[in-house]
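**Student:** Read top to bottom, the protein sequences are chains A and B. Under numbering that gives the first Met the number 0, the residue at position 161 of the first sequence is numbered 160, and the numbers go up by one with no gaps. Under numbering that gives the first Met the number 0, the residue at position 75 of the second sequence is numbered 74, and the numbers go up by one with no gaps.
Derived from the structure by calculation, the hints contain no laboratory data. You may find that some hints are simply not true.
With beta-carbon atoms standing in for the labels, derived distance ranges [what the hints assert, rightly or not]:
(1) Pro206(A) / Gly109(B): 42 to 50 Å
(2) Glu29(A) / Val209(B): 37 to 45 Å
(3) Gly145(A) / Gly109(B): 28 to 36 Å
(4) Leu41(B) / Gly145(A): 44 to 52 Å
(5) Arg21(A) / Asp269(B): 16 to 24 Å
Derived contacts from chain B toward chain A, CB cut-off under 8 Å, selection only [said to hold, decoys possible]:
(6) Thr6
(7) Asn95
(8) Gly96
(9) Thr97
(10) Lys99
(11) Thr100
(12) Leu102
(13) Ser105
(14) Val106
(15) Asp107
(16) Arg108
(17) Asp239
(18) Arg267
(19) Val270
(20) Ala271
Don't be surprised by glycine CBs; every beta carbon is placed ideally from N, CA and C.
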Amino acid sequence: MADETPPEEEAVDDEAPPVRARGLVKRYKEVLAVDRIDLNVRTGDVYGFLGPNGAGKTTTLRMALGLIMPTEGTVELFGRDPIRVGARALQGVSGFVEAPRFYPYLSARTNLELLAALDGAGAKTRIAEVLEIVELSPRAEHRLGGFSHGMRQRLGIAAALLRRPRLLILDEPATGLDPAGMRDMRALIRRLAEEGITVLLSSHQLPEVQELCDRVAIVDRGRVVYEGALSDLRRQGGAGYRLRSTDDARALELLRTQPGIDHATHGEHGLTFQAQESDVGALSLTLGQANVGILALTPELATLEDLFFRLTET
Amino acid sequence: MSPSTLTVWCWELRKLVSQKRTYLGLGLAAILPLIFVIVQNLHQHGGGRDENIFASHITQSGLATPVLMLLFMAAFMLPLIAALVAGDIVAAEDGNGTLKTILTRSVDRGQVFAAKALAAMTYGAIAVFLSAAVATIAGIASWGFNDVITFSGSIVSAPEGLLLVFAANACYLIPLLTVVTIGVLLSTATRNSAASVVGTVGFVILLYIVAQIPGIEGIKPYLLTEQFQSWQGLLRTPTDWAPIAHSAWVCALYGIPALCAGYLVFLRRDVAGG
Numbered sequence: 000m001a002d003e004t005p006p007e008e009e010a011v012d013d014e015a016p017p018v019r020a021r022g023l024v025k026r027y028k029e030v031l032a033v034d035r036i037d038l039n040v041r042t043g044d045v046y047g048f049l050g051p052n053g054a055g056k057t058t059t060l061r062m063a064l065g066l067i068m069p070t071e072g073t074v075e076l077f078g079r080d081p082i083r084v085g086a087r088a089l090q091g092v093s094g095f096v097e098a099p100r101f102y103p104y105l106s107a108r109t110n111l112e113l114l115a116a117l118d119g120a121g122a123k124t125r126i127a128e129v130l131e132i133v134e135l136s137p138r139a140e141h142r143l144g145g146f147s148h149g150m151r152q153r154l155g156i157a158a159a160l161l162r163r164p165r166l167l168i169l170d171e172p173a174t175g176l177d178p179a180g181m182r183d184m185r186a187l188i189r190r191l192a193e194e195g196i197t198v199l200l201s202s203h204q205l206p207e208v209q210e211l212c213d214r215v216a217i218v219d220r221g222r223v224v225y226e227g228a229l230s231d232l233r234r235q236g237g238a239g240y241r242l243r244s245t246d247d248a249r250a251l252e253l254l255r256t257q258p259g260i261d262h263a264t265h266g267e268h269g270l271t272f273q274a275q276e277s278d279v280g281a282l283s284l285t286l287g288q289a290n291v292g293i294l295a296l297t298p299e300l301a302t303l304e305d306l307f308f309r310l311t312e313t
Numbered sequence: 000m001s002p003s004t005l006t007v008w009c010w011e012l013r014k015l016v017s018q019k020r021t022y023l024g025l026g027l028a029a030i031l032p033l034i035f036v037i038v039q040n041l042h043q044h045g046g047g048r049d050e051n052i053f054a055s056h057i058t059q060s061g062l063a064t065p066v067l068m069l070l071f072m073a074a075f076m077l078p079l080i081a082a083l084v085a086g087d088i089v090a091a092e093d094g095n096g097t098l099k100t101i102l103t104r105s106v107d108r109g110q111v112f113a114a115k116a117l118a119a120m121t122y123g124a125i126a127v128f129l130s131a132a133v134a135t136i137a138g139i140a141s142w143g144f145n146d147v148i149t150f151s152g153s154i155v156s157a158p159e160g161l162l163l164v165f166a167a168n169a170c171y172l173i174p175l176l177t178v179v180t181i182g183v184l185l186s187t188a189t190r191n192s193a194a195s196v197v198g199t200v201g202f203v204i205l206l207y208i209v210a211q212i213p214g215i216e217g218i219k220p221y222l223l224t225e226q227f228q229s230w231q232g233l234l235r236t237p238t239d240w241a242p243i244a245h246s247a248w249v250c251a252l253y254g255i256p257a258l259c260a261g262y263l264v265f266l267r268r269d270v271a272g273g
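In isolation and in its complexed conformation, chain A is listed as follows:
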């Protein structure tokens, strides 16, 4: 190809946070897709970005990458606004929103060569390495037309890694992958995070977020309903208990009328509820008096799934 310019070496502001959004709004005529979102992704975070479908996650990520213009507010990547400074704001940043897209009539390697050319010459030397990381080297010369969804997702990661990112923005990277593919994707993200890459991970896979992320933002109907450490969120969720009894239906009735017992539900593995320890003692007496035998009563922290639904289904 034409000229071979040196790789990007312009300094990135080390002090500025990887992602800082303030009052981000996106309106499509009457539809308010994003409603004053603030985000703070810190260096080294594996930051989960959660929300139901249509909550505004992808729109927010597109604004972060400069693909769509905010109606109001700003988003900065390492202190630079992609809307104001263009491609320079994406220095040290890579990733994909929704499914990664490539040219189906080109091979995997040629697709990466194209993207490397658009990144600068340094990226070209990393093609073999990133193909190896995502285990696509044997298929490098094959056209993308014949690639499975999982292979395209992995190529999306490879394309992101070409830029030696300090911030990786991934939108549903495990969507459409089989269980083994999901496991491999998680392992890859964990490895990248261990190498010091800050990861902003938008996901529907709550176990994935719980496993990988240390901080989260939960969005619902365009607004952030929680932002902070995942551990704090789980702590705020209160102490939870799981109960298995000889008569779950009767036990559920008693749970719902017992003072100090909240959020009693019947799940796949018995009953769950929240309560203070002192109230649990009173509950066990009540169950005994009602001839409901306790098979198991175990304390457990609220899962991210519990908290997610509690925050988004109100």
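Starting from the known structure of chain A, fit chain B onto it as the hints suggest.
**Tutor:** Chain B in isolation, oriented as in the chain A frame:
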């Protein structure tokens, strides 16, 4: 340091080269002169009623063939071929979702737009010169590399005739590249390949219809379609530069706003597809 626009342009060409549909237009540009020469060879002895000076001298010199082909293809066929790629070049990437892929690399939107517009223009120019080259080679192979007549009736030597053929095709690029800018604008604004290609061709047809409306002859010299034959000034003795100069500024009136509008739309638009 960001990659240069030249790098982006090279990759735009590489993408065009890798797509089968690119060859549809180029195939048309190459095959029509061949069909013309074959048909002329088959009917060599039935002529004599041709209105055009080159048509009546078709068998005198192979260099008359590219001139006749340009006369024939300039009005519609070459604009159609150029529109096939110009209308597709942004919209197809929008539809496939690859626009977001390239816009999240180290190149600015302005560079991507410039590279795409240049690639579409390059394609248009290749189609024109491919058609001219095939017509010239086939014409010379059939009727020889002989002196050729001009529109004024004077005779020019074969080498000079060849140079004039090249210059005429280069001159024709002015209105053709203007069609390309309109195609690129529609491709950027509509985000739909079919609508952009049809829209570009439709615009050309519309101008031909406007040219036929009685009572508005005054605007006829300013219609883009009227510029498609301005190259003929080169094939007169002495060379008539007036239609070429007129064509240049009229085309600028169409092309520059189209290009600027396309650029601004591309710069500010949301890339929400894919």
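**Student:** Which hint numbers doesn't this structure obey?
**Tutor:** Hint 17 contradicted; others consistent.
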